[in-house]
Amino acid sequence: MIESQLRALYEQTASSEPPPSLVDPVLARQRGRTRYRWRRAGIASAPVLAAAAVAAVILATGAAPPIPGLGGAAPSASRTPVAGRSQPPGYPARAPRRFNPLIPYASFGWLPAGLSLLSGGTGRAQMYLTAGPEPGHSTLALTVYSADRCQLTHAQLSCAASASGGQTAQITGNAPAIHGHRAYWADGYLAWQYARHGWAWLSLPARAGSQQRRIAAEVADHVRYGLATVPLLTFPAQLTGVPRSWQVSRVRFVQHAGVLRASQYALTAGPAVLSAGSGEFRPGLPFLTTDPATAHGSCYFYPHGQSTREVINGFRVTVNRFPARHGSPPEQQLCAASADGLAVFIAEIGGHPAIGVAAVFEHLLLLGTHSVDWTRAPIG
Amino acid sequence: MSASRDAEYTEYVAARLPALRRLAVVLCQDWHRADDLVQATITKLYVHWGRARAADHVDAYARAMLVREFVHERRSGWAKRVSLSGGVSDSPAAAVDHDAALDLRAAVAALPARQRATLVLRFYCDLDVDQSAQVLGCSPGTVKSQTSRALNALRQALEPVPAGEPGGRPGAERHRRSYGGAGT
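Chains as they are written, first to last, in our numbering: chain A, 662 to 1041; chain B, 269 to 452.
So here's chain A without its partners, still in its complex pose (with noise of 0.2 Å):
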């Protein structure tokens, strides 16, 4: 039946690993709220300019961000070494076969000048960075997989983060060798590979001219692997009395305050089962968001009987609960937009969760805004 083959691929492609996003939800604010005053100001002109408005949201977020200043000096020229680091370590001999969520196992070793890392993510089969001018607005992604996560036919990359998701690319051609290692241009990629049985990716800019790829190259050429050469991932809060089966497998980070602070986790239990899907949720298991709280944050109140409010530990939460619906399964919700000075939003996905998002809060040891008082450790 067509129709059953249908809902196995729409499935199996949202329940891919999703990429960094590229959507700037600032940006739309800053856009929304021009449009919106040109709609209340009743300019006849309104719908044109929000076509404009829309095509340079279109081109503004393409798929190969743009590095910005790249027209400029040759790399040799504008070569800003990152803080403490020369000389990149030699290439591993080969790709691990997973990676410590707890430690990113890749950092740049240089990048163009007003270029800086903002973020990144681990995970066990992959891990990205990014690095732009400012937090928000990054305009550089490196992803790295760890080994066997990827194919090479004679025109073709493919990478896969778990069973049903990753990352495709037409080769077009060959790029100069990365450390030694073999290279190619993919439809706004450089990818190369690293190690045995590991590759890199780097997005380019749309239609990268010669300039723009050597500027890759060097920043590809500079990436340094290994445990060792990168800090260790801090968590503003650690779980504590949860299953001792727990374990994080994904982590976003930002750096903030010169540590790489933890500001979004997915847990698993049992041991590491790459071939299943590891998808941003694992059903029954929860998924934190913690960051520093902001001073208009708020949690946002659903009006149709799925939102409650409720005192958890002292700290005013909002708790969500969603039915299934619509092919999605039941969901679950926490909100604290100010608890010790961080903004909490824990989530479950699944009908049967472990153990619900009260509890988990309730199981939430939060450590405050001071880098110094976080941990390593997130699950105590």
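Careful, some of the hints might be misleading.
[To be verified] Chain B residues, not near chain A, derived (Cβ > 10 Å throughout):
1) 275
2) 286
3) 380
[Stated by the list, open to error] Label-pair restraints from in silico Cβ distances:
4) 945(A) with 323(B): 25 to 33 Å
5) 755(A) with 416(B): 31 to 39 Å
6) 396(B) with 944(A): 24 to 32 Å
7) 956(A) with 423(B): 50 to 58 Å
FYI, nobody ran anything at the bench for these hints, they're computed from the structure.
A virtual CB, placed ideally from N, CA and C, is assigned to each residue, including glycine.
Assemble chain B onto chain A, guided by the hints.
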């Protein structure tokens, strides 16, 4: 512009962004295009936030907005004029995987945007005909005919190639090119 409006909108987008991205990637079959679609959608959502927050179901409102944006964007030709993830590959069609799932993906990618959106609403979002019609802003009859045409096109595209027949099935090469060109 009230601060509470901004705060509500921001909270909502932060909470629902993963779900919007998932729906978008099912429609686009490509994460980069999906992110572009979500970006355009949440920009519009801000403009219409007053109406959205007053709706019975904010998620349904946002979903409808995203699906319509997808259909509109494809129809307006931006998708054709602005290449966001590389151009058509120069590599030979022989490089394409002949796996059935990839064939289906390619066949879906070759459908017109409105038919793709209809299939996603029916078979991913599990909406019935009337609900799908509401989202697409058309009659239930149109949803039925679009669904039927789309499924027929997929069945034809996935028919097995008779052994030894020169040239194979007529639609196969078109779909393979579409797959390669789409970069999915």
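Right, here's what the structure says about each hint:
no., hint, verdict
1, 275, "violated (5 Å)"
2, 286, "violated (6 Å)"
3, 380, "holds (16 Å)"
4, 945(A) with 323(B): 25 to 33 Å, "holds (30 Å)"
5, 755(A) with 416(B): 31 to 39 Å, "violated (53 Å)"
6, 396(B) with 944(A): 24 to 32 Å, "holds (26 Å)"
7, 956(A) with 423(B): 50 to 58 Å, "holds (57 Å)"
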